[in-house]
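Listed here are the chains, written in short residue letters.
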Amino acid sequence: MIAFRAIFVTSLRQLFTRKRIIGFGLITLLPAVLVALIPASSADSPEELFLGIAVETLLKLVVPIIAIVLASGVLGDERTDKTLSFLTLRPISRFTIAGAKITATAAAASSFAAFGAILLGITYAVRGGVGGPTVGLIVSGVLSATLYTSLVTPLGYLTRRATILALSYLILMENVIISAVPAMASSSPWRVGLAGGGALLPSNFRRSAVLDTIGTLELNLPGAVIQVVGTGAVLTIILGLLLSRRDNV
Amino acid sequence: MTVGTNAALVSDATIEVRGVSKWFGNKVAVSDVTCSFGPGITGLLGPNGAGKTTLLRMMMGLTSPSQGSVSMFGEDPRRAPTVFKDVAFVPEDDAVYPFLTARQFVRYAANLTDGELGESAVTEALRRVEMLEPADRLISDYSKGMRQRAKVAAALVHNPRVLVLDEPLNGTDPVRRASLIDLFKELAASGHTIIISSHVLQEVERLATRVIAMVDGKLAAAGDIHAIRAAMSDIPYQVRIDTDTPRQVAAALLSLDTVSGIDVLERGLRIETTDLSSVGNALPRIAADLDARVTRFEPVDESLESVFRYLVKASR
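Taken in sequence, the protein lines are chains F and V.
Residue numbers for the first sequence follow this note's numbering, beginning at 21 and rising by one.
Residue numbers for the second sequence follow this note's numbering, beginning at 10 and rising by one.
For the record, the hints were derived by calculation from the structure and aren't laboratory data.
All values derive from a computational prediction rather than experimental measurement.
Hints may be right or wrong, so weigh each one.
As the list claims (entries may be wrong) - Quick list of in silico lysine-lysine cross-link-like pairs, DSSO-like style, CA-CA up to 27 Å:
| id | chain 1 | residue 1 | chain 2 | residue 2 |
| --- | --- | --- | --- | --- |
| 1 | F | 39 | V | 94 |
| 2 | F | 39 | F | 102 |
| 3 | V | 153 | F | 39 |
| 4 | V | 36 | V | 194 |
| 5 | F | 39 | V | 36 |
| 6 | V | 194 | F | 39 |
| 7 | V | 194 | V | 153 |
Unchecked claim - Beyond 10 Å from chain V on every Cβ pair, some chain F residues (computed):
| id | residue |
| --- | --- |
| 8 | 22 |
| 9 | 41 |
| 10 | 46 |
| 11 | 47 |
| 12 | 68 |
| 13 | 151 |
| 14 | 184 |
| 15 | 190 |
| 16 | 223 |
Ideal Cβ placement from N, Cα and C applies to all residues, glycine included.
In isolation and in its complexed conformation, chain F is listed as follows (with noise of 0.2 Å):
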């Protein structure tokens, strides 16, 4: 428990440089900015243009661009720098370290992905929006940003080219071919946190017709957690092993 904290710790440190946060914190207040100048009436309700932008901006790209990047580099980085050999020379599981990077990495995503949906609760409240989707906002965002990094940490200690691949993925697999094929929506892992976090907004928002978009998904929390931390486990298992078998070249 000692080293996952270390490694959970000092992960943190590494994730959250202060280029980082002033990026990444510039980028999560888009959708908040958008919501405050776009004008009610270029939608038929308040709530419409409100998850529109929150899903169109915040869930699509916000939360995936962040979590992609850091988790592409979370491992990647400390190949790249050489530090890789401190941690697996260690009498330690790798199941430690893999779920110590996981979960820390998820964690710096959740944050920015939370900050982002508070931001936009608090401008939709100050324009005088009824009802309260912060919530249901945060917890898609935090279970977005949790999938992401548990599928793209094993792919950034695998290659080098772990954040092309990984918006590759988000630009053509979920934004083109699962929008075409709704029944591939558990393969998009934002349409899996709006799943889970759309279960949680009010009854003014769960009408709206942007919530067609998790396809052949239903508006269920526990299920969405079920797949975010099953999904999680089981690449965390998987990059133990990686760790285990490959070279640290």
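Chain F is already provided as a structure; the job is to place chain V on it using the hints.
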């Protein structure tokens, strides 16, 4: 001195390397090396690119051998990470976290190795490498030598029985170098197994009594450092001498027993000798006797690489 035979093995081995080879595509980095390491300091010596780092990485389990096997305390380090309770590695690379202080870095190493280690172990490790004073500054502000010492402190914090160091004295100033050498000797005297790789013969001479020498991925020599030094005394060195009277100087040099061959060049000579110093001592007298002007006296190829190549050739 023996080459590639029993001198590469010790009876009380903590690390054993058996018939290990490693190739990357068509490139052979290490070829059929068998050796072992026990308490005391062993120098792993060889020119850059000889395969020392690859061998060390295989010993530590960071790289899998293409052929052969490695064991540490009888266990394969790739399958039994528990061996690292008693082993520490200091890589040649700047494998440090620049956003940590040296104290945090050493504490991190302690937490990853033995959760029971307290702050006193961290302080003691920093003290041993004389890093207490700058311990609370960020590593990113350190010189290369300070980063090296921080890495050594992190390796020492759990008092490992085996310490493997890849070029540990790189970048350290002469004073710190001397104190690190004393520290390694002190550890060896108390029964630790210390393996130090280096491409600098003089450095290894100061540190180790036993040497494993590698060249081109192969074991070139193994045994007592003094025996290896003695073997080197038989190696013919080529020396370039520039003079305005090459033929006369050549004739005079031929009278020396240690000169085994001479090529007369347009403005000088290329001689072959097994004793550089005797030629160096005799040359001023010869020049004075002949009233010759000598403008250059320089070994043509005295690199460690050529010395070890000779040893490999001699062993065949």
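Structure-based check of each hint:
1. F/39 - V/94: violated, 37 Å
2. F/39 - F/102: It holds: about 22 Å lies between the C-alpha atoms, which stays within 27 Å.
3. V/153 - F/39: Judged against 27 Å, a Cα distance of about 25 Å means the pair holds.
4. V/36 - V/194: violated, 36 Å
5. F/39 - V/36: Not satisfied, since the Cα-Cα distance of roughly 41 Å exceeds 27 Å.
6. V/194 - F/39: Roughly 44 Å separates the two Cα atoms, so the pair is violated.
7. V/194 - V/153: holds, 22 Å
8. 22: It is violated; residue 22 of chain F is separated from chain V by about 4 Å at its closest Cβ, not greater than 10 Å.
9. 41: holds, 13 Å
10. 46: Nearest chain V Cβ is 22 Å from residue 46 of chain F, so the label holds.
11. 47: Given that every Cβ of chain V is farther than 10 Å from that of residue 47 of chain F, nearest at about 22 Å, it holds.
12. 68: Holds, since 44 Å exceeds 10 Å.
13. 151: With a cut-off of 10 Å, residue 151 of chain F remains clear of chain V, as the shortest Cβ separation is near 42 Å.
14. 184: holds, 25 Å
15. 190: Nearest chain V Cβ is 29 Å from residue 190 of chain F, so the label holds.
16. 223: The assertion about residue 223 of chain F holds, with a minimum of 47 Å to chain V.
The structure is inconsistent with the numbered hints 1, 4, 5, 6, 8, although it conforms to all the rest.
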